[in-house]
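Engineer: Heads up: the protein sequence lines correspond to chains L and W, in order.
Residue numbers for the first sequence, in this note's numbering: 16 to 132.
Residue numbers for the second sequence, in this note's numbering: 514 to 628.
Treat the hints as calculated values from the structure; they're not laboratory data.
Bear in mind the structure is a predicted one, so any value in this text is a computation, not a measurement.
Mixed in with the good hints there might be a few duds.
[To be verified] Partial list, computed: chain W residues near chain L (C-beta under 7 Å): (1) Gln-542; (2) Phe-547; (3) Leu-557; (4) Leu-559; (5) Phe-619; (6) Gln-621; (7) Gly-622; (8) Thr-626.
No residue lacks a Cβ here, since even glycine has one placed at the ideal position from N, Cα and C.
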Amino acid sequence: AQTVTQSQPEMSVQEAETVTLSCTYDTSESDYYLFWYKQPPSRQMILVIRQEAYKQQNATENRFSVNFQKAAKSFSLKISDSQLGDAAMYFCAYRRTRGGGADGLTFGKGTHLIIQP
Amino acid sequence: GAVVSQHPSRVICKSGTSVKIECRSLDFQATTMFWYRQFPKQSLMLMATSNEGSKATYEQGVEKDKFLINHASLTLSTLTVTSAHPEDSSFYICSARLSENTEAFFGQGTRLTVV
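Could you build the full structure based on these sequences and the hints that come with them?
Structural biologist: Okay, here's the thing in C-alpha cells:
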C-alpha cells in the first residue's frame, strides 16, 4: 500500500518570504501522480499543483513550485512571496496512474501553514 | 475548473436514523466519484470509489453495509450512512472526475453530526 508522510505538522513564515513544505511517499509503482492540495478554513479542497512521475521537470504554478526527487521519493512544495491568503492546511497526495477504477488519493496528515503579517 | 456540488453542507441526525449525502457534477459527466472522510484536524481517508453503473469499491475497514454508495448516473453519487451512531460524526467529502487522465474535483463537504 502507498503511504504519504508529511513530517511538519505546522510551519510559520513571514509574509513575502519563502517557505518549503516537505512530503515523502512510499510506493512500488513506477508511474503515478503527486499533488499538493490546499484546504482553507472553509474546508474546500483546492488543487495547488500536480506532478506526473514520468516527467523529470518540476511542476510550477506561479508562486508555487515543487522539488520532485523520484529516487528519494520526495515531493516538496515551495511557496514564494508568501501571502496572507496562503494560510491553510496543505496536504500532499498520491495517486496511481492506472487504478482500474479504484485509484483514489492517498493523503498525508497535512501541514498547517501560518503566515505572519 | 469544473464544479462539484455536495448537499447538504451540514446535517444533524438522531442516533439510529439514516442520512443521505448527495454529490453532483454540475458541468461534466463523472465516470468515477470518490468518497472521503475527514476527522477534526486530521487528513482525508478514502472510503470508497464509485464507478457509474457498477458497485462501489470500498477501502479496507469501511463497512459497506453501513456506508451505502450509489452512482446511478454520470452526474450523481449518493452516500447513505445507515443506522448512524455518534462515532459516525465526521466531515464527508466527495470528488468526481471525467476519466483516469483528468483531475478530480472536490465538493465542498458535508459535516455530519449524530446526536
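Engineer: Each hint should be assessed against the structure and marked as holding or not.
Structural biologist: Hint by hint, here is what the structure shows:
The beta carbon of Gln-542 of chain W comes no nearer than 15 Å to any beta carbon in chain L, farther than 7 Å, and the hint placing it at the interface is violated. Taking 7 Å as the C-beta contact cut-off toward chain L, the hint placing Phe-547 of chain W at the interface holds, the least distance being around 4 Å. A least Cβ separation of about 5 Å between Leu-557 of chain W and chain L falls short of the 7 Å threshold, and the interface hint therefore holds. Look at Leu-559 of chain W: its Cβ gets to within about 4 Å of chain L, closer than 7 Å, so that hint holds up.
Residue-level restraint check for Phe-619 of chain W holds (minimum Cβ-Cβ distance to chain L is 4 Å; threshold 7 Å). With a least beta-carbon distance of about 5 Å to chain L, the hint placing Gln-621 of chain W at the interface is held under the 7 Å criterion. Given the 7 Å rule on beta carbons, the hint for Gly-622 of chain W holds: about 5 Å separates it from the nearest Cβ of chain L. Nearest Cβ of chain L to the Cβ of Thr-626 of chain W: about 15 Å, over the 7 Å cut. The hint is violated.
In summary, the numbered hints that this structure violates are 1 and 8.
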